[in-house]
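Using the sequences and the hints, build the whole thing.
The listed protein sequences correspond, in order, to chains B and F. Heads up: the first sequence begins at 22 in our numbering, then just goes up one per residue. Heads up: the second sequence begins at 22 in our numbering, then just goes up one per residue.
Derived by calculation from the structure, the hints in this document are not laboratory data. Note that the structure is a prediction, hence the values are computed from the model and not measured. Errors might be hidden in some of the hints.
Identical copies carry no separate label here, and so any pair may be met within one copy or between two of them.
Said to hold, decoys possible - Below 16 Å or equal to it, Euclidean Cα-Cα: the simulated EDC-like pairs (lysine to aspartate or glutamate) are:
1. LYS198 with GLU185
2. LYS35 with GLU211
3. LYS198 with ASP30
4. LYS198 with ASP155
5. LYS229 with GLU81
Here is what each chain is made of, one letter per residue.
2 protein chains.
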Amino acid sequence: MRHFVEELDQLKTKLLEMSSLVESAIQRSISAVIQKDRSAAEEVFRNEARINAIEVEIDEFAINLLALHQPMAADLRLIVAALKINTDLERMGDLSVNIAQRATSLMDEPVIKPMIDIPHIAGLVQSMVRKSLDAFVTRDADLARSVLASDDAVDSLRTASYHELVSFMERDPENIKAALDLLAITRNLERLADHSTNIAEDVLFLVKGIDVRHHAEARQ
Amino acid sequence: MRHFVEELDQLKTKLLEMSSLVESAIQRSISAVIQKDRSAAEEVFRNEARINAIEVEIDEFAINLLALHQPMAADLRLIVAALKINTDLERMGDLSVNIAQRATSLMDEPVIKPMIDIPHIAGLVQSMVRKSLDAFVTRDADLARSVLASDDAVDSLRTASYHELVSFMERDPENIKAALDLLAITRNLERLADHSTNIAEDVLFLVKGIDVRHHAEARQ
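So this is what it looks like as structure tokens:
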């Protein structure tokens, strides 16, 4: 069993490596939007292959652990949670690529408005990502629940910015391409928040052994 | 072991029930767009809770199978594939809800163009969904590979319709709201295609024991 415990630690270490790659990608894609930092966007494109490779590696490692040992209860939940979180992290890497692509396209468009709401939404989303991953590392159910509570705030900020951007488009067709990029960026930020919510739900499943998805009452 | 074989069959049956609910939701959301069928959209909204409930049920069932038996090789791959396909199917249910919402919003807007490309993209996507699920049931690797091959066709159709819709918006600001709905619908159709691709990749993992994600050469 000594061996198995070490392998579980290795699984966690790999997942943390994956998390930190994805968090950097998110950070850089947001800098690409807000600071119009083209090299940050290019860094996101360059790191995509590494994220994809480590996703496959973690999946194989976790499935081997299931095959070679007969994990029960908490260990089994850890491995299943790792498989799910791994999938979410890979998709979050894809979303950072989408954001970086739109950031690049936006650099070639006239500035249509001060991007007050994007830094605000981005800040909230980054904090949700950070908290959901911290909750996994420290097995902190309260921290995981705080992530679930933030999701609605991101949704309503995004809805407000949607209507604002549509009226910018209607006012001047010159704004359309840039507004579409900004709409795509806020949509991708919202999807990052959704994946953080998934991770927080997996942490609650891991720590509490309960499935809180689609059960508002169990999230309290 | 007799018992375990029966339970694996039950897992497959549950997943097929989930697939058929999700396929109906996709079909209805597309009817809501193309035939402006408001009751089809409402049916999609009504069935969302059932899809969410069965997702949780399948996850619990699969995790119990892992916990109670010590599945090896092919059985283990089947259970892991079921867990992954289950997640994809639930997200596909969410995407149908998104499409049905945009369809409803579109019914209140003036018609801006004959929707020639949407039925075309929708037809392709529905065939990808069908084939990926058939490939799972019949463990047909060739059929799974044919799904991977269709993904590029959907992407390029969507890119073409994106540019067409942007020019509609630029031509007349009156078109903006309807064009945004149509953009969202094609985007959600493309995401349905992405999830079918994920399922096809899981089928290849299940049948061949190889991971083809991010490895173009292994998909041949």
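- Query: Using 16 Å as the alpha-carbon threshold, which applies to LYS198 and ASP30: within, between, both, or neither?
  - Reply: Close neither inside one copy (47 Å) nor across copies (51 Å); limit 16 Å.
- State whether the alpha carbon distance between LYS198 and ASP155 is at most 16 Å within one copy, between copies, both, or neither. Neither, since 37 Å and 40 Å both go past 16 Å.
- Task: Up to 16 Å between alpha-carbons, please classify LYS198 paired with GLU185: within, between, both or neither.
- Result: both (15 Å within a copy, 13 Å between copies)
- Query: For the identical chains here, do LYS35 and GLU211 meet the 16 Å Cα criterion within one copy, between copies, both, or neither?
  - Reply: Classified as neither; 26 Å inside a copy, 31 Å across copies.
- With identical chains treated as interchangeable, where does the CA-CA distance between LYS229 and GLU81 reach 16 Å or less: within a copy, between copies, both, or neither? between (26 Å within a copy, 14 Å between copies)
When held up to the earlier numbered hints, the structure conflicts with 2, 3, 4 and fits the remainder.
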